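Asks: The primary structure of each chain is shown beneath.
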Amino acid sequence: MDRVSRLAQQKAVVIFSKTTCCMCHAIKTLFYELGVSPAIHELDEDPRGREMERALLSLGFSPSVPAVFIGGRLVDSTNTIMSLHLNGSLVPMLKAAGAIWL
Amino acid sequence: MGSKAERRIGTEDDKDAVGGMPSFVSPLSVSTQFGTEENHFNSSQVSDFAALEQSIGFGIEDSIDHSTNTVITSNKSVEQAFNKSLDSSNITPISPTRVRPQKLPTERGQRQNLVSLPSGQFENWGESKMADASPMTDTSTDVDTDEKNQRFDIVPSTGMAASDSSDRSKDKTGDQKTLRRLAQNREAARKSRLRKKAYVQQLESSRLKLTQLEQELQRARQQGIFISSSGDQAHSMSGNGALAFDIEYARWLEEHNRQINELRAAVNSHASDNELRGIVDGVISHYDEIFRLKGIAAKADVFHMLSGMWKTPAERCFMWLGGFRSSELLKLLVNQLEPLTEQQLVGICNLQQSSQQAEDALSQGMEALQQSLAETLASGSLGPSGSSGNVANYMGQMAMAMGKLGTLEGFLRQADNLRQQTLQQMHRILTTRQSARALLAIHDYFSRLRALSSLWLARPKE
Numbered sequence: 001m002d003r004v005s006r007l008a009q010q011k012a013v014v015i016f017s018k019t020t021c022c023m024c025h026a027i028k029t030l031f032y033e034l035g036v037s038p039a040i041h042e043l044d045e046d047p048r049g050r051e052m053e054r055a056l057l058s059l060g061f062s063p064s065v066p067a068v069f070i071g072g073r074l075v076d077s078t079n080t081i082m083s084l085h086l087n088g089s090l091v092p093m094l095k096a097a098g099a100i101w102l
Numbered sequence: 001m002g003s004k005a006e007r008r009i010g011t012e013d014d015k016d017a018v019g020g021m022p023s024f025v026s027p028l029s030v031s032t033q034f035g036t037e038e039n040h041f042n043s044s045q046v047s048d049f050a051a052l053e054q055s056i057g058f059g060i061e062d063s064i065d066h067s068t069n070t071v072i073t074s075n076k077s078v079e080q081a082f083n084k085s086l087d088s089s090n091i092t093p094i095s096p097t098r099v100r101p102q103k104l105p106t107e108r109g110q111r112q113n114l115v116s117l118p119s120g121q122f123e124n125w126g127e128s129k130m131a132d133a134s135p136m137t138d139t140s141t142d143v144d145t146d147e148k149n150q151r152f153d154i155v156p157s158t159g160m161a162a163s164d165s166s167d168r169s170k171d172k173t174g175d176q177k178t179l180r181r182l183a184q185n186r187e188a189a190r191k192s193r194l195r196k197k198a199y200v201q202q203l204e205s206s207r208l209k210l211t212q213l214e215q216e217l218q219r220a221r222q223q224g225i226f227i228s229s230s231g232d233q234a235h236s237m238s239g240n241g242a243l244a245f246d247i248e249y250a251r252w253l254e255e256h257n258r259q260i261n262e263l264r265a266a267v268n269s270h271a272s273d274n275e276l277r278g279i280v281d282g283v284i285s286h287y288d289e290i291f292r293l294k295g296i297a298a299k300a301d302v303f304h305m306l307s308g309m310w311k312t313p314a315e316r317c318f319m320w321l322g323g324f325r326s327s328e329l330l331k332l333l334v335n336q337l338e339p340l341t342e343q344q345l346v347g348i349c350n351l352q353q354s355s356q357q358a359e360d361a362l363s364q365g366m367e368a369l370q371q372s373l374a375e376t377l378a379s380g381s382l383g384p385s386g387s388s389g390n391v392a393n394y395m396g397q398m399a400m401a402m403g404k405l406g407t408l409e410g411f412l413r414q415a416d417n418l419r420q421q422t423l424q425q426m427h428r429i430l431t432t433r434q435s436a437r438a439l440l441a442i443h444d445y446f447s448r449l450r451a452l453s454s455l456w457l458a459r460p461k462e
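Residue numbers (full-length UniProt numbering), protein chains in the order written: chain A, 1 to 102; chain B, 1 to 462.
One or more hints might be untrue.
Taking CB as the label site, the calculated pair distances span [unchecked claim]:
#	chain 1	residue 1	chain 2	residue 2	range
1	A	ARG6	B	THR431	45 to 53 Å
2	B	ALA378	A	ARG50	25 to 33 Å
3	B	ALA378	A	GLY88	36 to 44 Å
4	A	GLY88	B	ASP288	14 to 22 Å
5	A	ARG6	B	GLY278	46 to 54 Å
6	B	LEU345	A	SER58	40 to 48 Å
7	B	SER447	A	ARG6	51 to 59 Å
In case anyone wonders, no lab produced these hints; they're calculated from the structure.
Remember, predicted model here, so these are calculated numbers, not experimental data.
Don't be surprised by glycine CBs; every beta carbon is placed ideally from N, CA and C.
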């Protein structure tokens, strides 16, 4: 859990993902399209991945990935991300976190 | 109807029925009637039929359908038709003699086996050699007894007696032609009655089947809903899930159309904003309803939802991840909705761009899924050596592939969520009146697409 929070603070946008997860791929694609360069942590390639996954699950994430932190704050779920984007609040949020300029 | 061949009616002479003797067939309807009789009538009692003649044919008309015994005089194929209806009864066709209208020579009260073919087998009654044999031609005279009145109720227990051969060779030529003609008529009439009867029976059974199917559908629908909403049940109710959804979708569409008509009427009659708002809100929440139903159905049968089989062909062709593409819809609306304020225009354009980006992201995710699945299935050896070697590997591969397929539902959900959000955002950006027009435009677009499907399907093909 600590590790998760620590990592989550490290950059404006932090994404916990898994290489095998295709929804993660979709989310990553979205952020790239928005011009963000998120910090990506692949849980299946991280030695402490299991632990982190458990931590994420305990935060209520199901499935555990993709888990997106913007400005250190957790964004609920993929659904939420998409909805935020559509209602136009994702970009301001990203700007506020310093993930994108312009 | 082998019966035909088998019945040899020994009794009479053998005037051999080669080639179609005219015969009388009296189907005693059920062999059961004949209680003990052996089933093959060999010589049975032949009573005279004589009277069975023509009239029988006529008289039978109505009764035929009811009565179990019918007597037919005919040559040719009528017999076949008949025999068909006589289920295995052993009724041997009796050669008709002359048909004389109106006499029913049935002897009531006696159980007799009627039919006896005067001569041996008839393979085919085909060409009636009516001329030849009229074995019983005469018998009619004898028989006229009772039953004239009947209209034939040759009721099961009556037997018809075949006349005996003695009379046979009576008058031939004279009435030959007439007889033949009459016989043919009768035959045709009989055939058509039988056909009608068969058709009616078919209808009845179809009707029964239809009600059964409707009931099953009803039950399945209820079950389908039940099962899918309880989420994790491992029932293979996928059939029901798909079916249930299709039915619900149809109902949803009907209701949607109704609401749209109401909306249209309100817009055209320049209703007040408040009124419009009520209807618009209703339409939007009705959309929410279909998204909810789609979510439930996706849990039950994701492939059905992705296939779009519940949509018309043209809609299906332009479908994206189980539904419409939001960005396309918005593009369409921008043109229809002028005038828009600057702010609104910006809002709509941003919305369009965001949904485009989200759609792209999801599409790429789907592609990644497909590739990943392909890689999973291709790993290990394919081809001749197949998976003969390592069952564990195979099972492992399958398990992985199954896991990947499980993510499909997630994609479908996200896609539907996009659509839902698009509608809601659009509603937020536009005024009530504009929203109303937008909803009408959306409906009309899809309804044209559906009409296109119908036209396409109905087009004349060379």
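Asks: Take the hints in turn and mark each one as holding or not.
Replies: Here is what the structure says about each hint:
no.: 1; hint: A:ARG6 to B:THR431: 45 to 53 Å; verdict: 48 Å, holds
no.: 2; hint: B:ALA378 to A:ARG50: 25 to 33 Å; verdict: 28 Å, holds
no.: 3; hint: B:ALA378 to A:GLY88: 36 to 44 Å; verdict: 42 Å, holds
no.: 4; hint: A:GLY88 to B:ASP288: 14 to 22 Å; verdict: 20 Å, holds
no.: 5; hint: A:ARG6 to B:GLY278: 46 to 54 Å; verdict: 52 Å, holds
no.: 6; hint: B:LEU345 to A:SER58: 40 to 48 Å; verdict: 45 Å, holds
no.: 7; hint: B:SER447 to A:ARG6: 51 to 59 Å; verdict: 55 Å, holds
In the structure shown, no violation is registered for any of the earlier numbered hints.
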